[in-house]
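Which chain is which? The protein sequence lines are A and B, in order. So the first sequence is numbered by the numbering used here: it starts at 1 and just counts up by one. So the second sequence is numbered by the numbering used here: it starts at 1 and just counts up by one.
Source of the hints: derived by calculation from the structure; they are not laboratory data. Do not take every clue at face value.
[What the hints assert, rightly or not] Once the Cα atoms are required to be at most 20 Å apart in a straight line, the calculated DMTMM-like pairs of lysine to aspartate or glutamate come out as:
{"no.": "1", "chain 1": "B", "residue 1": "Lys438", "chain 2": "B", "residue 2": "Glu450"}
{"no.": "2", "chain 1": "A", "residue 1": "Lys18", "chain 2": "B", "residue 2": "Glu419"}
{"no.": "3", "chain 1": "A", "residue 1": "Lys73", "chain 2": "A", "residue 2": "Asp97"}
{"no.": "4", "chain 1": "B", "residue 1": "Lys434", "chain 2": "A", "residue 2": "Glu115"}
{"no.": "5", "chain 1": "A", "residue 1": "Lys114", "chain 2": "A", "residue 2": "Asp22"}
{"no.": "6", "chain 1": "A", "residue 1": "Lys18", "chain 2": "B", "residue 2": "Glu425"}
{"no.": "7", "chain 1": "A", "residue 1": "Lys140", "chain 2": "B", "residue 2": "Glu425"}
{"no.": "8", "chain 1": "B", "residue 1": "Lys514", "chain 2": "B", "residue 2": "Asp482"}
{"no.": "9", "chain 1": "A", "residue 1": "Lys140", "chain 2": "B", "residue 2": "Glu507"}
{"no.": "10", "chain 1": "B", "residue 1": "Lys438", "chain 2": "A", "residue 2": "Glu112"}
{"no.": "11", "chain 1": "B", "residue 1": "Lys434", "chain 2": "A", "residue 2": "Glu112"}
{"no.": "12", "chain 1": "A", "residue 1": "Lys192", "chain 2": "A", "residue 2": "Glu157"}
{"no.": "13", "chain 1": "A", "residue 1": "Lys114", "chain 2": "B", "residue 2": "Glu425"}
{"no.": "14", "chain 1": "B", "residue 1": "Lys438", "chain 2": "B", "residue 2": "Asp449"}
{"no.": "15", "chain 1": "A", "residue 1": "Lys140", "chain 2": "B", "residue 2": "Asp453"}
{"no.": "16", "chain 1": "A", "residue 1": "Lys140", "chain 2": "B", "residue 2": "Asp482"}
{"no.": "17", "chain 1": "A", "residue 1": "Lys73", "chain 2": "A", "residue 2": "Asp35"}
Small disclaimer: the values here were computed from a predicted structure and weren't measured.
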Amino acid sequence: MRVAIAEDSVLLREGVAKLLTDAGIEVTARCGTADELLVRVADDPPDAVVVDIRLPPTHTDEGMQAALTIRQKYPDVGVLVLSQYVEVGLAMQLLADSAEGVGYLLKDRVSEVKEFIAALRRVADGGSALDPTIVSTMLKRHRSSDPLDSLTPREREVLELMATGASNAGIAESMVITQRAAEKYVSTIFTKLGIPATGSESRRVLAVLLFLRS
Amino acid sequence: MAAVLPLLPERHKAAPRPALLWALGVAAVASCVVTAGLASGNDELYQPALRVLLVWWITLPYIFAGIVAWRRRPDSFFGPLMILAGFVTQLSILQWTSQPLLNTVGQLFDLLVAAVWLHVFLAYPSGRLAGRAERVVVIIGYVAAVGLQAVILMLGGFNDLHLLTVVKREAAAEAIQNVQLLTLSALAVIGVGLLWWRWQLLPRWQRRRPAQILINCFSLSLVMLAALLIAGAFQLPGFEIIRLATFAVAGLAPLAFLAGLLDARLAQAGVGELFVQLRTDPAPDLRELLAQALRDPTLSLIYWLPQYGSWADQDGNPTTLPEPNSSRRVTLVKQNGEQIAALVYDATLVEEPELVEAVSAAAGIALENGRLEAELRARLQELHGSRGRVVEAQQNERRRLERNLHDGAQQRLVALALELGLLAEQADSDPATKTRLKHARTEVAQSLDELRDIARGLHPAVVSGHGLAVALESLVATAPLDVQLETDGLPRLSEPLEVAAYYVVSESLTNAAKHAAATHVRVEVGVSEDALIVEIVDDGVGGADSERGTGLRGLADRVEALDGNLRIWSAVGKGTRVRAELPCG
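Next up, chain A with everything else stripped away, as it sits in the complex (with noise of 0.2 Å):
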């Protein structure tokens, strides 16, 4: 797998290079800026890149913009966006036309180094990453006459895993169950919370958000 890095820290940048080359992942540019990574993109599109959502020079929006700006132009380089804070209003504008190819996570994850390179090859091969976090604070809103209240706490557990973008099999894994009960699972909840089952994992991401924000 091929990656391109995006990341204005140095001691940053260079940890998440080591990070991905000790995995046997090919570093094609290491970025300052976003405007470097978009033409290093272009010279040469990697399978995917990491970008940091703060970047010069106002250190605002820059790597948000590029992220966008990627996954518009070449819709087969996946994006991972790494940030000091997840925000729901910004993935739902990440994955506002579907979650295929894309990521949202928080920097800290980078130390939970399998995970991280799990969640980046899911996004390289079209699938999605999003923060636990971003779930589960979504969960914590209490509203009236939620469907949400009818999930047993394992099947919340599965609605977690299944919207940070995880494949049945990691479900599975995850909860240490076998992938066949993780699948009656998640058709347990669709039928649930009514919402129509969807065939790709990075869809039911984007369904599970929906449904989360709606």
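Let chain A serve as the given structure and place chain B on it in line with the hints.
Chain B only, in chain A's frame:
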């Protein structure tokens, strides 16, 4: 009571002595008696009694109106000019006598009255001829009336009663007389044109009814005069009738003038009304009342603020005392020797100094109140400005701190967490090391969480980075309430505005959840015309009070620092509605 000190005109003429005015009055009556005597001694006069009455009619009103005007407006030449016009008319009557010298004077000044009328009418109201055109017309008028008349008499014109005949050239005399009459009638017509032109130039509010009647009288007199002179030149039938009519009309002008003076007196009576209004209305619009009383809608009122050492308008905005000039005049109002205010008004009001004086004296106490109010407003503006600066400085500092945290401690901790993660990957041999590494990673993760909360509390970076709509979406998504958010079509706005609106929503949602026990909240944010409107309505217990909670008070500060306003409706048991309007034009 306030003292009044007009800045201009500095030179005030003393009023004429009453003895002089009395003497003029007596002289007027005496000359009328003389006129009657002359008429009774002349057998050739056409309708002598009527002629005498008409002479009285056109001399007495001029002289008496002139006396009144001179006494009331010593600064204006108009009064003396009218008195002169009256006596000049009497001069021409001397031609009724056969005494050669007096008759010569009478014949020489026979037409002077036409030039003097022209002079009087065109010199209204100041008594001075305002423009070049007026001066030229009046000078030609005098030359034609007296100069040409002298030439005609020297050529032996009219009759043999006068002493001026040098040679007898009757044909030439008659030709010159025709030129003279036609010139004077043309000047009269031009005079009407000038009067009309000047009237059109006046601002609408100055075209008052009394002045209009007066100008109409002047114009009609000049038209009749022109007709009379033409009738004389062409020896048209009905000359005597036209003469009677002209004299009848010309006598109306001074009466109209007196009516105008009376109107000014009535305006002063309006000052009493001003007193009443000032007493009944606790917070009158002083400028409006003064403008009404002075009948000058262009009046402006400025106050002296000693603490600031500057002049200020009614809203407390600093301004300067205008230089008095030909169109604007300034009167300072003083109290206890200190200047407190200034009236700036149209220069035509100089014609009514008593009115300006009476009005500003009447408004003295109210002006002092107005001044204090203007000072208060100036202080409020100052306070407002400094509060705005405090809020802005605070916000800048918070943003800077957040940025430092983000680029410094947070980045370093993430890098440290990454390093620990990589170490944990490699050190898979020693379980003790593994446990300690795991512990260290947990510690770092917790520190990061805490730092994140602190940074977020310092400054909502998502607002500056991605806009209000995105930030509110996140805010609402994490709120422990059922929130319905409407931000359709919300554009990006300036950062202080977006941050203030963000805090309004965030604080309101916190209050709704914490204190109001609300379950459902509706948040609407949108731009209408030139303001950003933020409205949060919850279904909680109500009873919120911006004076008690520091949160709401802080919000009001934030909103008001941006010239906006924050209103809260929170009746007990009826939910809470918070509405902020922030100008964004």
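Taking the hints in turn, this is what the structure says about them:
Distance hint between Lys438(B) and Glu450(B) is fulfilled; the C-alpha atoms sit about 19 Å from each other, no more than 20 Å. Restraint check for Lys18(A) and Glu419(B): the C-alpha separation of about 10 Å stays at or below 20 Å, so the hint holds. Proximity of Lys73(A) to Asp97(A) is assessed by CA-CA distance (about 14 Å); at most 20 Å being required, the pair is judged to hold. With a C-alpha separation of about 18 Å, the suggested pairing of Lys434(B) with Glu115(A) holds against the 20 Å cut-off.
With a CA separation close to 11 Å, the supplied pair Lys114(A) and Asp22(A) stays within the 20 Å bound. With a CA separation close to 12 Å, the supplied pair Lys18(A) and Glu425(B) stays within the 20 Å bound. Proposed proximity of Lys140(A) and Glu425(B) is contradicted: the alpha carbons are some 33 Å apart, above 20 Å. The suggested pairing of Lys514(B) with Asp482(B) holds, with an alpha-carbon distance near 14 Å, which does not exceed 20 Å.
For a cut-off of 20 Å, the pair hint linking Lys140(A) to Glu507(B) stands: about 19 Å separates their Cα positions. At roughly 11 Å between alpha-carbon atoms, Lys438(B) and Glu112(A) fall within 20 Å of each other, so this suggested pair holds. Taking the CA atoms of Lys434(B) and Glu112(A), the gap is near 14 Å; set against the 20 Å cutoff, the hint holds. A threshold of 20 Å between alpha carbons decides the hint, and for Lys192(A) with Glu157(A) the separation of about 15 Å falls inside it, so the pair holds.
Proposed proximity of Lys114(A) and Glu425(B) is supported: the alpha carbons are some 9 Å apart, at most 20 Å. About 17 Å separates the Cα atoms of Lys438(B) and Asp449(B), which keeps this hinted pair within 20 Å; it holds. Between Lys140(A) and Asp453(B) the CA atoms are separated by roughly 17 Å; this keeps the pair inside 20 Å, and the hint holds. Distance restraint check for Lys140(A) and Asp482(B): the Cα-Cα separation of roughly 11 Å lies within the 20 Å cut-off, and the hinted pair is therefore satisfied.
This hinted pair checks out: Lys73(A) and Asp35(A) have alpha carbons roughly 14 Å apart, not beyond 20 Å.
Violated hints amount to a single one, hint 7; each of the other numbered hints is respected by the structure.
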